[in-house]
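Residue strings, one per chain:
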Amino acid sequence: MELLCPAGSLPAVKAAVDHGADAIYIGFKDATNARHFAGLNFDGKKLDKAVDYLKQHQRQLHIAINTFAHPEQHQLWYQAIDRAVDIGADVVILADIALLEYAKQHHPQLTVHLSVQASATNASAIAFYQRNFNVKRVVLPRVLSMHQVKQLARSCPDIELEVFAFGSLCVMAEGRCYLSSYLTGESPNTVGACSPASFVRWQETEQGLESRLNDILIDRYGPAETAGYPTLCKGRFEVDQRVYHALEEPTSLNTLELLPELFAANIAAVKIEGRQRSPAYVAQVTQVWREAIDSYQRDPSHYAAKSEWMSRLAKLSEGSQTTLGAYHKAWQ
Amino acid sequence: MKYSLGPILYYWPTQQIEEFYHLAKASSADIIYIGETVCSKRRNMKANDWIELGKQLSQAGKEVVISTMALLEAPSEIRNLKKLIDNGDFLIEANDVSAIEEAHQAKLPFVCGPAVNVYNAYALKVLLDQGMQRWVMPVELSRDWLRKLSGECHEMNIRERFEIEVFAYGHLPLAYSARCFTAQSEGKSKDNCETCCINYPNGREVKSQEGQPLFTLNGIQTMSGDCYDLINDQQSMKGLVDIVRISPLGEESIEHLEAFRKRASSAEHYPTPDTVNGYWHQIAGIRQQD
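So the protein sequences, as listed, match chains X and V.
Residue 332 is where the first sequence ends in my numbering, and the numbering goes up by one at each step.
Residue 290 is where the second sequence ends in my numbering, and the numbering goes up by one at each step.
Hints should not be assumed to be uniformly reliable.
[Unchecked claim] Restricting the straight-line Cα-Cα distance to at most 27 Å, the calculated cross-link-like pairs of lysine-lysine (DSS-like) are:
#: 1; chain 1: X; residue 1: LYS136; chain 2: V; residue 2: LYS107
#: 2; chain 1: X; residue 1: LYS329; chain 2: V; residue 2: LYS148
#: 3; chain 1: X; residue 1: LYS329; chain 2: V; residue 2: LYS2
#: 4; chain 1: X; residue 1: LYS136; chain 2: X; residue 2: LYS150
#: 5; chain 1: V; residue 1: LYS148; chain 2: X; residue 2: LYS29
#: 6; chain 1: X; residue 1: LYS150; chain 2: V; residue 2: LYS82
#: 7; chain 1: X; residue 1: LYS329; chain 2: V; residue 2: LYS188
#: 8; chain 1: V; residue 1: LYS107; chain 2: V; residue 2: LYS82
#: 9; chain 1: V; residue 1: LYS2; chain 2: V; residue 2: LYS55
#: 10; chain 1: X; residue 1: LYS104; chain 2: V; residue 2: LYS125
#: 11; chain 1: V; residue 1: LYS148; chain 2: X; residue 2: LYS104
#: 12; chain 1: V; residue 1: LYS262; chain 2: V; residue 2: LYS238
#: 13; chain 1: V; residue 1: LYS46; chain 2: V; residue 2: LYS107
#: 14; chain 1: V; residue 1: LYS125; chain 2: X; residue 2: LYS136
#: 15; chain 1: X; residue 1: LYS55; chain 2: X; residue 2: LYS14
#: 16; chain 1: V; residue 1: LYS107; chain 2: V; residue 2: LYS55
#: 17; chain 1: V; residue 1: LYS107; chain 2: V; residue 2: LYS125
#: 18; chain 1: X; residue 1: LYS150; chain 2: V; residue 2: LYS41
#: 19; chain 1: X; residue 1: LYS315; chain 2: X; residue 2: LYS329
#: 20; chain 1: X; residue 1: LYS306; chain 2: X; residue 2: LYS150
#: 21; chain 1: X; residue 1: LYS150; chain 2: V; residue 2: LYS188
#: 22; chain 1: V; residue 1: LYS83; chain 2: X; residue 2: LYS150
#: 23; chain 1: X; residue 1: LYS45; chain 2: X; residue 2: LYS55
#: 24; chain 1: X; residue 1: LYS329; chain 2: X; residue 2: LYS150
#: 25; chain 1: V; residue 1: LYS55; chain 2: V; residue 2: LYS41
#: 26; chain 1: V; residue 1: LYS107; chain 2: X; residue 2: LYS104
#: 27; chain 1: V; residue 1: LYS83; chain 2: V; residue 2: LYS25
#: 28; chain 1: V; residue 1: LYS125; chain 2: V; residue 2: LYS82
#: 29; chain 1: X; residue 1: LYS104; chain 2: X; residue 2: LYS55
#: 30; chain 1: V; residue 1: LYS125; chain 2: V; residue 2: LYS238
#: 31; chain 1: X; residue 1: LYS136; chain 2: X; residue 2: LYS55
#: 32; chain 1: X; residue 1: LYS104; chain 2: X; residue 2: LYS29
#: 33; chain 1: V; residue 1: LYS82; chain 2: X; residue 2: LYS136
#: 34; chain 1: V; residue 1: LYS238; chain 2: V; residue 2: LYS2
#: 35; chain 1: X; residue 1: LYS329; chain 2: V; residue 2: LYS46
#: 36; chain 1: V; residue 1: LYS188; chain 2: V; residue 2: LYS46
[Said to hold, decoys possible] To give an idea of the chain X side of the interface with chain V (calculated C-beta under 7 Å), a few residues:
#: 37; residue: ALA98
#: 38; residue: THR121
#: 39; residue: ASN122
#: 40; residue: ALA125
Hints were generated in silico from the structure; no laboratory data involved.
Even glycine gets a Cβ: it sits at the ideal position worked out from N, Cα and C.
Hey, can you work out the whole structure from these sequences and the hints?
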């Protein structure tokens, strides 16, 4: 099972490699990837250095080109694919049918993984991408229960499946959420960021600290509360005069306890979320997951998620809470 | 310009569905979409009931399209999808790539619905080769996006091969989740939801703590809080849009369809209080531009 770790910067690439990642995923410094934040991602010399570091340490490089090409600007996206090939990326992660078609036509030898942003949640959808574009692996959206993941693995034996293991929990089917664009006008699918930082505003008021997105109140915090980034699905809103987390509480996905089941289902890779996070975060999460995977492989029958791992990961989680998310049916 | 009634996105009692389509039959709608697109637990109307309803509407001279689910996670949902695709009479609207795959396997044409991620002419070209006949633009895209995309389709000589439909009225479907937010709002889990969404025929309103309408909870679907309404934007659709979609909110939506049609050929401004049209104008969807 591959441990696939995120990197938004060169130090994060090194942190991931040094702490045991098998593969790293990165994006270019433009709207072609779904974590298009200022100060993140790669181009120029930093990109070359990242590639060199990965090659030296014989780790795989995945490049996420997982937004959707704009009309009259498709060359930007096509060139991103060409560039990934030029620098010797092992994998490109794509979501747009147009880009999948381009990769098939122009780079038939390139290994293509279907991005979570393509929202393939069932065997027929996977068959579509496999038949038309020969994708080697599908990254599953975080909307499936463990039972459903197993079912899929059984019904699609000739395709690799990758699941999210740890990190921020996207509560909506990825690639199909317009909540952010509805409030800001900028879309994750087209501009590459959810709740873009330029729309975020913090304000101390008499009623507490307020977080706003494009001037719209997302949450209000008491003095003892930890304030979270104003992601729409994690705000506190009012439904029928009751104020609560109407969509999702700030919490992170953590599937360490599911590792034996993921192995049993023949899952090809576990993915850590967080290209926007610090190198220290990447280092710690990678280290825990490396230990866990190694521990399982040494002695599968005695594997258990150690409490030390769980508490280390909890400290890195939103609201210091972790969940099995949709993998665990009760969460639904 | 043709006018369509989109699928009912909410869970209505069977009688309400029947009454709605009784009126729809007598309306001036050119195309009527039917079927359940949000949740497979909404089973008042089964596949055969929808197909039967389709036949009645078809006999009244309507073009009928059966819309399919947007988020399919279980083999049983795929089986139901296949049943709808093999209905023998009607075109289907694919709201997930799985439906495109199944329609292609069955050698049947399809409409590409708004929940499929298609953002450019090159993606449309791929889908045309799979059997697409009509494309419903994702709701977050603007007139300007459509104008550029349509221009590319002309250059590629594919524009004549399909129709373009725009979601022009109703609460916008914005997201789909593993969780059921309506059940959650009643303190229930998804498994034990008792299909409580039937109690909210237009969803549940979500407001900010300052009372601003933001979203509408509709089962696993999250919709816009305000109603989208492009009734006064129809002039800017000329030459770009073939079909205008009205998403049903109730019987009054049929009257609104007639108002749309009337407004298309007159310059009279139609009052639209508490509605939004931002997406069409390439600004935040929640905004209104006059």
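Quick rundown of the hints versus the structure:
Annotation: proposed proximity of X/LYS136 to V/LYS107 holds, straight-line Cα distance about 25 Å (limit 27 Å). Restraint check for X/LYS329 and V/LYS148: the C-alpha separation of about 43 Å exceeds 27 Å, so the hint is violated. With a C-alpha separation of about 44 Å, the suggested pair X/LYS329 and V/LYS2 falls outside the 27 Å cut-off, and the hint is violated. Distance hint between X/LYS136 and X/LYS150 is fulfilled; the C-alpha atoms sit about 18 Å from each other, no more than 27 Å.
A threshold of 27 Å between alpha carbons decides the hint, and for V/LYS148 with X/LYS29 the separation of about 25 Å falls inside it, so the pair holds. Simply put, X/LYS150 and V/LYS82 have alpha-carbon atoms about 22 Å apart, close enough for the 27 Å limit, and the pair holds. For the suggested pair X/LYS329 and V/LYS188, the alpha carbons sit about 13 Å apart, so the restraint of at most 27 Å is met. A C-alpha spacing of about 12 Å is found between V/LYS107 and V/LYS82, which places the hinted pair at or below 27 Å, so the restraint holds.
Between V/LYS2 and V/LYS55, the direct Cα distance comes to roughly 21 Å. Compliance with the 27 Å bound is thereby established for this hinted pair. Restraint check: the Cα-Cα separation between X/LYS104 and V/LYS125 comes to about 15 Å, which is no more than 27 Å; the hinted pair holds. Under the criterion of a C-alpha separation no larger than 27 Å, the hint pairing V/LYS148 with X/LYS104 is consistent with the structure, at around 25 Å. The suggested pairing of V/LYS262 with V/LYS238 holds, with an alpha-carbon distance near 15 Å, which does not exceed 27 Å.
For the given pair, V/LYS46 sits about 24 Å from V/LYS107 by alpha-carbon distance, which is consistent with the 27 Å threshold. Between V/LYS125 and X/LYS136 the alpha-carbon distance is near 23 Å, which keeps this suggested pair within the 27 Å criterion. The straight-line distance between the Cα atoms of X/LYS55 and X/LYS14 is roughly 12 Å, inside the 27 Å bound, and the hint therefore holds. At roughly 21 Å between alpha-carbon atoms, V/LYS107 and V/LYS55 fall within 27 Å of each other, so this suggested pair holds.
Distance check on the hinted pair: V/LYS107 and V/LYS125 sit about 17 Å apart at the alpha-carbon level, within 27 Å; holds. A distance of roughly 22 Å separates the Cα atoms of X/LYS150 and V/LYS41; the hinted pair therefore holds under the 27 Å criterion. A threshold of 27 Å between alpha carbons decides the hint, and for X/LYS315 with X/LYS329 the separation of about 24 Å falls inside it, so the pair holds. Under the criterion of a C-alpha separation no larger than 27 Å, the hint pairing X/LYS306 with X/LYS150 is consistent with the structure, at around 24 Å.
The suggested pairing of X/LYS150 with V/LYS188 holds, with an alpha-carbon distance near 26 Å, which does not exceed 27 Å. Among the hinted pairs, V/LYS83 with X/LYS150 is consistent with the structure: their alpha-carbon atoms are about 24 Å apart, no more than 27 Å. Our distance criterion of 27 Å between C-alpha atoms is met by X/LYS45 and X/LYS55, whose separation comes to about 15 Å. Proximity of X/LYS329 to X/LYS150 is assessed by CA-CA distance (about 13 Å); at most 27 Å being required, the pair is judged to hold.
This hinted pair checks out: V/LYS55 and V/LYS41 have alpha carbons roughly 24 Å apart, not beyond 27 Å. Proximity of V/LYS107 to X/LYS104 is assessed by CA-CA distance (about 23 Å); at most 27 Å being required, the pair is judged to hold. At most 27 Å may separate the alpha-carbon atoms for a hinted pair to count; V/LYS83 and V/LYS25 meet this at roughly 24 Å. At most 27 Å may separate the alpha-carbon atoms for a hinted pair to count; V/LYS125 and V/LYS82 meet this at roughly 24 Å.
For the given pair, X/LYS104 sits about 25 Å from X/LYS55 by alpha-carbon distance, which is consistent with the 27 Å threshold. Distance hint between V/LYS125 and V/LYS238 is fulfilled; the C-alpha atoms sit about 23 Å from each other, no more than 27 Å. Note on X/LYS136 and X/LYS55: the hinted pairing holds, with a Cα-Cα distance of about 22 Å set against a maximum of 27 Å. For the suggested pair X/LYS104 and X/LYS29, the alpha carbons sit about 24 Å apart, so the restraint of at most 27 Å is met.
A threshold of 27 Å between alpha carbons decides the hint, and for V/LYS82 with X/LYS136 the separation of about 26 Å falls inside it, so the pair holds. A C-alpha spacing of about 12 Å is found between V/LYS238 and V/LYS2, which places the hinted pair at or below 27 Å, so the restraint holds. Note on X/LYS329 and V/LYS46: the hinted pairing holds, with a Cα-Cα distance of about 25 Å set against a maximum of 27 Å. The suggested pairing of V/LYS188 with V/LYS46 holds, with an alpha-carbon distance near 24 Å, which does not exceed 27 Å.
The interface hint given for X/ALA98 is met, as the beta carbon of that residue sits about 3 Å from the closest beta carbon of chain V, less than 7 Å. The restraint placing X/THR121 at the interface with chain V holds, with a minimum CB-CB distance near 5 Å, inside the 7 Å limit. Contact between X/ASN122 and chain V, as hinted, is supported at the beta carbon level, the nearest pair being about 5 Å apart and thus within 7 Å. Against a cut-off of 7 Å between C-beta atoms, the interface hint on X/ALA125 holds, since the closest Cβ of chain V lies about 4 Å away.
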